[in-house]
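Note that the protein sequences, when read in sequence, are chains A and B.
Count along the first sequence starting at 1, add 134, and that's the number in the working numbering.
Count along the second sequence starting at 1, add 21, and that's the number in the working numbering.
Hint data in this document are derived by calculation from the structure and do not stem from the laboratory.
What you are looking at is a predicted structure, and each value in this text was computed from that prediction instead of being measured.
Heads up, the beta-carbon is just placed ideally off N, CA and C, and yes, glycines get one too.
Hints are supplied without guarantee of correctness; some may be wrong.
[Unchecked claim] Dumping the calculated SDA-like pairs for lysine to any residue here, alpha-carbon to alpha-carbon at most 20 angstroms:
| id | chain 1 | residue 1 | chain 2 | residue 2 |
| --- | --- | --- | --- | --- |
| 1 | A | Lys561 | B | Gly112 |
| 2 | A | Lys141 | A | Arg342 |
| 3 | B | Lys37 | A | Phe295 |
| 4 | B | Lys37 | A | Lys446 |
| 5 | A | Lys271 | B | Lys41 |
| 6 | A | Lys446 | A | Ser372 |
| 7 | A | Lys271 | B | Ser27 |
| 8 | B | Lys37 | A | Arg288 |
| 9 | B | Lys37 | A | Ala543 |
| 10 | B | Lys41 | A | Arg342 |
| 11 | A | Lys561 | B | Lys41 |
| 12 | A | Lys184 | A | Phe251 |
| 13 | B | Lys37 | A | Glu254 |
| 14 | B | Lys54 | A | Arg288 |
| 15 | A | Lys271 | B | Gln155 |
[Claimed, not checked] Taking beta-carbon pairs under 7 angstroms as the criterion, some of the chain A residues facing chain B (in silico):
| id | residue |
| --- | --- |
| 16 | Ala194 |
| 17 | Phe196 |
| 18 | Glu223 |
| 19 | Trp264 |
| 20 | Glu265 |
| 21 | Gly306 |
| 22 | Arg307 |
| 23 | Ser383 |
| 24 | Lys387 |
| 25 | Leu472 |
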Amino acid sequence: MEGLTEKPLTGHLKPDGEALDISEYEGYGGYEGLRKALRMGHSEIQKEVKEANLRGRGGAGFNTGLKWSFVPMGKDAPRPKYLVANADEMEPGTFKDRFLLERNPHLIIEGMIIASFAIEAETAFVFLRWEYTLAAKRMRRAIAEAYERGYLGRNMLGSGFNLDLRVHVSAGRYICGEETALLNALEGRRAVPRSKPPFPQTSGLWGRPTVVNNVETLSNVPHIITGGAEWYRKLSRSGDGGTKLFGVSGRVKRPGLWELPMGTTAREILEEHAGGMADGFSFRCLIPGGASTEFICEEGLDVKMDFDSVQKAGSRLGTGTMIVLDHTVCPIAALHNLERFFAEESCGWCTPCREGLPWVARLLGAIEDGEGEPGDIETLREHTRSLWVGKTYCALAPGAMEPLKSGLAIFREDFERHIREKGCPSKRERG
Amino acid sequence: MLSEESKKELEAALGKYPNKRSAVMDALRIAQKGNGGHLTKEDMDEIASMLEMRQVEVNAAAAFYTMYNIEKPVGKYHIQVCRNISCSLLGAEHLIKHMERTLGISTGGTTPDKRFTLSTVECLGSCGTAPMMQINDDYYENLTETRIDELLKTLK
Ligand SMILES: Cc1cc2nc3c(=O)[nH]c(=O)nc-3n(C[C@H](O)[C@H](O)[C@H](O)COP(=O)(O)O)c2cc1C
Ligand code: SF4
Ligand code: FES
């Protein structure tokens, strides 16, 4: 088949950095997945995606087909139903969704249409970050092209299915990416998370069944339909299906983004694709999947980058974009940088997070500046317990505690020296 | 007062949602754009009446979301430097200090000739090409002090 490649997300991108337009996209087999999906039944599509073991690329890794299967179907189901593509990317260190939005908007649109059809949604939104203005421009143009060719609108390709696709530009704040806070933001309310249950699949936007999926997740859907679940699963080197956009930032030779099989090892990504450390810098450790994941050091580098394997290794795949710390970086300063972000982005809805995160950030700042006291390490550790999973209203605070919890263990010596020597030893040594 | 053009844009935005209040985010963005980058009290009140919302609700939305600048005009060029982890690892703090020195303002400030406003922002999804900044809508990546100096000279 024309469009099938080992790299379904990025295989046909234009080298000049422009987006594929609709004719180019169709030339590579684009919208064939949609034609095929329209001939399949809703449950058949859901089953195919479930068997492909496509797991949510927003970071939580939930099986996508399974998520869709919770949506009430049939003539008694509440209507209208909604689909939302989560394009609010703001997890520090994460730069994969912007890439897809700018370079392959039709792939996202096709994925959204198939997903909407699979759950009988009649309206779909791209929930887009304000600052992604180039993505907005390209997305809007692509949506207009898709309407012109009859892939959107009423009676799509003669199937009797109607779908409207709209762009919603958000207005800042990391919490908007959390799927229930996103629903509030889209409704024009304050973006605070909603309690679950009810889950969005039964009561989401304006109280109607809604599925929220990440941009990268949706981009996998057309190829699963064209190539089939079995073909898609085999793209992977592990139990999770397909490929993944992996990224590396920090002092490496070639920072960047690559589409590789799920289950590629962290070492291969770091050493082969990113070219290893930049000259004069040596590896200290990395966070594997955006800011809210736990550190991995040298001995953990052979971990396969897929949801289960990274979890077994004591961290999370998260967004799959790793941040590398080199030997010159003060780990306290790095943790301070991370926790300042989370403290400022706390939505303020629940007390432990609203009060705990700023406290954590201030303590780290004090230790960094040489004003730490011996009891501070224990206080920080106490916070990693009191803000852990289940203690706060949403996953923002526990996510913030992941790098801190592992950092406290790995950088124990650095913490103690900062406190004992009243300042940053590496800063002093460098002069 | 919202311009005719802004009102038209807002009318179109209303069609996207099943009720009026859901267009409040669009309305605030459109008003801010029409105003050269900030929101005024009058605009927010006008939005409240157009969307049949209470003024306090519109004000609260504008205050909660970080992209809205209330009563705080920004310069012709709004420079926003990412200060998150990946950019920081590659020297973002030095670049910010460098720009503060060059422009003679501190972060958050605007030059007296209203040409530049310097702010910091959270991760703009450009971490593989760090350090980076956004000036108005455009991204500038793989920054160095020299590149910044050259760039600032071209912005008149
Ligand atoms: C604080 C916070 C921020 C999040 N931000 C995003 C985001 O920007 N994009 C995203 O796709 N998911 C984000 N998520 C995850 C979403 O809640 C949700 O799991 C995801 O959009 C579901 O899509 P998926 O199943 O396709 O991964 C965030 C979660 C939390 C707790
Ligand atoms: S954990 Fe933090 S971000 Fe989440 S609801 Fe509570 S205050 Fe808001
Ligand atoms: S950390 Fe600066 S763009 Fe992501």
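Assess, step by step, whether the Cα of Lys271/A is no farther than 20 angstroms from the Cα of Ser27/B, and give holds or violated.
Distance ~18 angstroms between Lys271/A and Ser27/B Cα, so the pair holds.
20 angstroms limit on alpha-carbon distance, applied to hinted pair Lys271/A and Gln155/B:
Given pair Lys271/A, Gln155/B holds - Cα atoms ~16 angstroms apart, limit 20 angstroms.
Any CB of chain B closer than 7 angstroms to the CB of Gly306/A?
This hint holds: Gly306/A lies near chain B, its Cβ roughly 4 angstroms from the closest one there, short of 7 angstroms.
Is the hinted pair Lys41/B and Arg342/A satisfied, with a Cα-Cα distance of at most 20 angstroms?
17 angstroms, holds
Mind checking the CB of Ala194/A against every CB in chain B and telling me if the closest is under 7 angstroms?
Violated. Min distance 19 angstroms.
Double-check Leu472/A for me: the hint is only fine if its C-beta lies closer than 7 angstroms to a C-beta in chain B.
For Leu472/A, the interface hint holds, since the closest Cβ of chain B sits about 6 angstroms away, which is under 7 angstroms.
Would the stated hint for Trp264/A survive a check requiring a Cβ distance to chain B of less than 7 angstroms?
Check passed: Cβ of Trp264/A comes within 5 angstroms of chain B, closer than 7 angstroms.
Does the alpha-carbon distance linking Lys446/A and Ser372/A stay inside the 20 angstroms limit?
Holds, because 14 angstroms separates the two Cα atoms, which is no more than 20 angstroms.
Tell me if Ser383/A is really an interface residue toward chain B, meaning its C-beta lies closer than 7 angstroms to one of theirs.
Status holds, d = 4 angstroms.
For a C-alpha distance cap of 20 angstroms, please report whether Lys561/A and Lys41/B respect it.
Violated. Lys561/A to Lys41/B sits at ~55 angstroms, over the 20 angstroms cutoff.
Would you mind confirming whether the straight-line C-alpha gap from Lys184/A to Phe251/A stays at or under 20 angstroms?
Holds, because 15 angstroms separates the two Cα atoms, which is no more than 20 angstroms.
Mind checking the alpha carbons of Lys37/B and Arg288/A for me, to see if they're no more than 20 angstroms apart?
16 angstroms, holds
When each numbered hint is compared with the structure, violations occur for hints 2, 4, 5, 9, 11, 14, 16, 17 and 24.
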